[in-house]
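Peer 1: What follows is each chain in one-letter form.
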Amino acid sequence: MRLILALALTHIRGRGRQTLVAVIGVALGVGFSIAMAALMQGGEDDFVARLVDTMPHVDITDEYRNARRQPAQDAFAVVHIAGLRPKDDRRGILNPTEAVAMLRAWVPGRLALSLKTQGVVRYSGRDVGIGIIGIEPRGEMKVSSLAKDFRQGSFTSLIAGGNNIIVGDRLAQRLGAELGATVTVVSSTGQSRAFKIVGLFHTGTTARDEGEGYVLLKNAQILSERPNAINEIRLKLDDPAAAPQVARRAEAQLGYKAMAWQEANESLLQALVIRNVIMYTVVGAILLVAGFGIFNIISTITHEKARDIAILKSLGFTETDMRRLFLLEGMALGAGGSLIGWAFGFLLCLALSLVRFELSGASVAQEITRLPLAWSIWHYLIAAGFALVSAGVAGYLPARQAARLNPVDIIRGAT
Amino acid sequence: MNPLIETVGLTRVLPAAVPVTLVQDITLTIGASEFVAITGPSGSGKSSLLYLLGLLDKPSAGTLTIEGRDTAGLSERERAGIRLETLGFVFQFHFLLPEFTVRENVEIPMRRLGRLGATAMRERSTELLSTLGLADHLDKRPDQLSGGQRQRVAVARALANDPPLILADEPTGSLDSKNSEQVFVILDALVRERGKTVIAVTHDTEIAARASRRINLVDGRLADRWAAG
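Protein sequences appear in the order of chains A and B.
The first sequence lines up with residues 1 to 415 when you count with my numbering.
The second sequence lines up with residues 1 to 229 when you count with my numbering.
One or more hints might be untrue.
Computed far set for chain A versus chain B, every beta-carbon distance over 10 Å [as the list claims (entries may be wrong)]: (1) Pro108; (2) Ala229; (3) Ile311; (4) Phe346.
Reference listing, derived: stretches of chain B covered by chain A, where coverage requires no fewer than 3 residues with Cβ under 8 Å from a Cβ of chain A [what the hints assert, rightly or not]: (5) 19–32; (6) 45–55; (7) 81–92.
If you're looking for bench data, these hints aren't it; they were derived computationally from the structure.
Given the structure is predicted, the values throughout are model-derived calculations rather than measurements.
C-beta atoms are modelled at their ideal positions from N, C-alpha and C, and glycine is treated no differently.
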């Protein structure tokens, strides 16, 4: 086997320039694949991180996954009841204190209660409809990503008590209100209260910046006339990946719908899978092209070395030896290209990680961002693996041809 | 003891629209320590017969027995094994691997056989090349040698695994008379001193005359009963 390897390397070395071209072809393919995989993976990780960061990992709401069974359905043993008017459900999570205590006992993470209701903010004659979210500031700070999006004030401004509200900066802009202004909040039940703006946040998501107002839980309960009620429990887990299991258990325990972030963003995550498929297809195509380079050089060597093949066969080398020889040459080119490609890919990633660009929003100060890049040994292994496989295939076809060569034809041709 | 080579009705026909008969109905026996010259006009099938005997080609009919082994049912691997151990080839053109040194060329069959260690192979290649007068050229490449020297390297390579049978296809065909003589003397010495058998295709009448036995082919057939021995 070492003899075959020595022969293979001699052949490759004998074709310096072509070898270089083939190796560079593979190296470029491997390098670009690695850089591209790093970018795509980095983008995905960044995206998911943002998603996971801004959303609760598990969101328990006062809804049910399936319509509730009505008492009439239990009372009468019939196939179908038409025109049944469902019983009015009391909205909200029943017995919140107990529910929270049950969750606190086992959930690996932090949780926050809230009551969401609808209302209108009124200021200087302008009305804007918003979602009013009643929170407990201390719990909220541990769960919500909003804490770091404050422009002015913070959740702690709510702790002091009183009729205070925190709104998004765009909402304030639309109302023409500033920090310290007193706005009137009218709830869907008709309750009206005056609130002082004690904080402004900017998340970058218009829907939130324009349509959310945070008040104390107590105040939200008063506005919606539902004392002690809550309708949402949000969990932030230590391990976001465990969300589906936690959600399942919480749902089984409480009976309410508990949605993990993966479920809430199923379509987005599916889109990421499709993106990956596209990426690997493109990467595969790049390496396939590199494979043709290898095919070309091995074919050329096979033709040029037909005499060597005849000699080696007459000396007692088998067809298997010949096949191995040329397959090995292909693999050697693939391996050499992969090694150089690794270095190239690494440098490319390094260069990309140094690129900085500025994102500027309309009213936002400029944010400086770097390209999100993921470093993974797998990118290198997969790219090299693919390169080796295509090199193997590219080498195999000429190798088979070489093995079948009849030495007599060549010896006759030479004499 | 079995004869080295025994053929019965050996025939090779190239399949084509009009089949071409290369050799036909060759029956002969060749033993140890013979210097056999295969002669005949161009196109008489001399080389074709040699390729058949050297297992580079397969007969269309007839049997070929080498050292008592019928070669008909052998696999490609087994045939390669016989070429490696029992046969040594010398062609009209030296057919050395141009990228390797003289010594490496001689050692390639030994390395393929893998029976000797690195030092033993080195000793053997040095000895072989020295006896053929190439001691000063061990690390040169084939293109740095003269035609006669290259042909001697080819002989050394054929002897690498110490095979009992050397097959030579016009070994002096591309050499001048001085070098031809030298190569003939070497081949002759192999037969006389080392008990090898040499089968050489040649149209050099002088060499043919000095061989211990002569097989004359005409149109792919043995030309005289005398040759069949």
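Peer 1: Three residues minimum, CB to CB under 8 Å: does the segment 19–32 of chain B make the cut for coverage by chain A? Let me know.
Peer 2: Violated - the segment 19–32 of chain B has 0 residues with a Cβ nearer than 8 Å to chain A, which falls short of three.
Peer 1: Does Ala229 of chain A really sit off the interface, with its C-beta more than 10 Å from all C-beta atoms of chain B?
Peer 2: Per Cβ check, Ala229 of chain A is outside 10 Å of chain B; nearest 85 Å; holds.
Peer 1: A cut-off of 10 Å on Cβ-Cβ distance, and Ile311 of chain A was said to be off the interface with chain B. Does that hold?
Peer 2: violated, 5 Å
Peer 1: Are there three or more residues in the segment 81–92 of chain B whose C-beta lies closer than 8 Å to some C-beta of chain A?
Peer 2: holds (count 9)
Peer 1: Do three or more residues of the segment 45–55 of chain B come closer than 8 Å to chain A, measuring C-beta to C-beta?
Peer 2: holds (count 3)
Peer 1: Hey, is Phe346 of chain A genuinely clear of chain B, shortest beta carbon separation above 10 Å?
Peer 2: Phe346 of chain A is indeed farther than 10 Å from all Cβ atoms of chain B, at 34 Å.
Peer 1: Was Pro108 of chain A rightly flagged as not at the interface, with every chain B Cβ beyond 10 Å?
Peer 2: The assertion about Pro108 of chain A holds, with a minimum of 62 Å to chain B.
In summary, the structure is inconsistent with hints 3, 5 from the numbered list given earlier, while agreeing with the others.
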